[in-house]
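Asks: This is what each chain is made of:
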Amino acid sequence: EAGVAQSPRYKIIEKRQSVAFWCNPISGHATLYWYQQILGQGPKLLIQFQNNGVVDDSQLPKDRFSAERLKGVDSTLKIQPAKLEDSAVYLCASSSLTGVGSPLHFGNGTRLTVT
Amino acid sequence: SQQGEEDPQALSIQEGENATMNCSYKTSINNLQWYRQNSGRGLVHLILIRSNEREKHSGRLRVTLDTSKKSSSLLITASRAADTASYFCATRQGAQKLVFGQGTRLTINP
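Read top to bottom, the protein sequences are chains A and B. Just so we're aligned: 79 in this note's numbering is position 79 of the first sequence, and the numbers increase by one with no gaps anywhere. Just so we're aligned: 52 in this note's numbering is position 52 of the second sequence, and the numbers increase by one with no gaps anywhere.
Chain A on its own, in the form it takes in the complex:
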């Protein structure tokens, strides 16, 4: 099966600019996740979708971050305006079920550098 696709692979922007990331999950996967991974740390969940509904966005900085999942398939994550501390790798993952036994399948991420 094709894996989780993310684009772009790298992005460099200046602070206060906006940026968007795109994710295409594995076909048929109902659950989609966006994680933020700062260098040297583990991934932190930003938002979790079940189909096109939000399950958990408790750690999403809603004043500057937004995400949507179009028709329950592709998803975009936007940052506006960006801050220096947003420099990180943004990982998208999907799973076939919300069930507790479902492993996550990750894309290779988008590395964001904010200068």
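No wet-lab data here; the hints were simulated from the structure. We put the beta carbon where it would ideally sit given N, CA and C, even for glycine. Fair warning: there could be bad hints in the mix.
Said to hold, decoys possible - Lysine-lysine pairs mimicking DSS-like chemistry, simulated, CA-CA at most 25 Å apart:
(1) B:LYS97 / A:LYS78
(2) A:LYS71 / B:LYS56
(3) B:LYS70 / A:LYS44
As the list claims (entries may be wrong) - Listing some non-contacts, in silico: residues in chain A with all C-beta distances to chain B over 12 Å:
(4) GLY3
(5) PRO8
(6) LYS11
(7) ILE12
(8) GLU14
(9) LEU45
(10) ASN52
(11) GLY53
(12) GLY72
(13) THR76
(14) LYS78
(15) LYS83
(16) GLU85
(17) ASP86
(18) VAL114
To be verified - To give an idea of the chain B side of the interface with chain A (calculated C-beta under 10 Å), a few residues:
(19) GLY4
(20) LEU11
(21) TYR35
(22) LEU43
(23) CYS89
(24) GLN102
(25) GLY103
Could you slot chain B onto chain A? The hints should help.
Replies: Okay, now just chain B, sitting in the frame of chain A:
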């Protein structure tokens, strides 16, 4: 917030040796999962162990879970250079989000 904490933070061993990484967590869990991340790549799921299981094997991997101590260990036997990566434990509490630890950076020296 991070639920799991891996120990050690970094581990360097010779090829062929066994590598053991530990994970501790704070609250009751439904299951615990281990993932591997190669440099510049996404995470890859390795193994899942449920709260009612004590040990699980997959190839050269052995995972143990001690719910009374709220800890898990990942053993990689007969290590290879290709095992060089960061390893993360992740815990799920009920149907809630999967929370990752800070990871162990494993280096296998040829």
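Asks: Each hint should be assessed against the structure and marked as holding or not.
Replies: Each hint tested on the structure:
1. Between the alpha carbons of B:LYS97 and A:LYS78 the distance comes to roughly 21 Å, so the proposed pair stays at or under 25 Å and holds.
2. For the given pair, A:LYS71 sits about 38 Å from B:LYS56 by alpha-carbon distance, which is inconsistent with the 25 Å threshold.
3. About 21 Å separates the Cα atoms of B:LYS70 and A:LYS44, which keeps this hinted pair within 25 Å; it holds.
4. With a minimum CB-CB distance of about 8 Å to chain B, A:GLY3 fails to clear the 12 Å threshold, and the non-interface call is violated.
5. Distance to chain B confirms A:PRO8 as a non-interface residue, since its nearest Cβ pair spans about 14 Å, more than 12 Å.
6. The claim that A:LYS11 lies off the interface holds: its Cβ sits roughly 15 Å from the closest Cβ of chain B, which is beyond the 12 Å cut-off.
7. The claim that A:ILE12 lies off the interface holds: its Cβ sits roughly 16 Å from the closest Cβ of chain B, which is beyond the 12 Å cut-off.
8. Remark: the non-interface label on A:GLU14 is consistent with the geometry, its nearest Cβ contact in chain B lying 24 Å away (cut-off 12 Å).
9. Not every CB of chain B lies more than 12 Å from the CB of A:LEU45, the least distance being 5 Å, so the non-interface label is violated.
10. With a least beta-carbon separation of about 18 Å from chain B, A:ASN52 lies farther than 12 Å from that chain, consistent with its non-interface assignment.
11. With a cut of 12 Å on Cβ distances, A:GLY53 stays outside the contact zone with chain B, its closest approach being about 14 Å.
12. Every C-beta of chain B lies more than 12 Å from that of A:GLY72, the closest at about 19 Å, which supports listing it as non-interface.
13. Against chain B, the non-interface label of A:THR76 holds: every CB pair exceeds 12 Å, the least being about 18 Å.
14. The claim that A:LYS78 is not at the interface with chain B holds, since no C-beta of that chain comes within 12 Å of its own (minimum 20 Å).
15. Against the 12 Å criterion, A:LYS83 stays outside the reach of chain B, whose nearest CB is about 21 Å from its own CB.
16. Listed as outside the interface, A:GLU85 is consistent with that label: its C-beta sits roughly 17 Å from the nearest C-beta of chain B, beyond the 12 Å cut-off.
17. Annotated as non-interface, A:ASP86 keeps its C-beta farther than 12 Å from every C-beta of chain B; the closest such distance is 19 Å.
18. The non-interface label for A:VAL114 is consistent with chain B: the shortest C-beta to C-beta separation is roughly 19 Å, beyond 12 Å.
19. Proximity of B:GLY4 to chain A holds as hinted, the smallest CB-CB distance being about 8 Å (cut-off 10 Å).
20. Annotation: interface hint on B:LEU11 violated; nearest CB of chain A at approximately 15 Å, more than 10 Å.
21. Using the Cβ-Cβ criterion of 10 Å, the hint placing B:TYR35 at the interface with chain A is satisfied: the shortest such distance is roughly 8 Å.
22. The interface hint given for B:LEU43 is met, as the beta carbon of that residue sits about 5 Å from the closest beta carbon of chain A, less than 10 Å.
23. Checking B:CYS89 against chain A: minimum C-beta separation of about 9 Å stays under 10 Å; hint holds.
24. A least Cβ separation of about 5 Å between B:GLN102 and chain A falls short of the 10 Å threshold, and the interface hint therefore holds.
25. The beta carbon of B:GLY103 comes within 5 Å of a beta carbon in chain A, closer than 10 Å, and the hint placing it at the interface holds.
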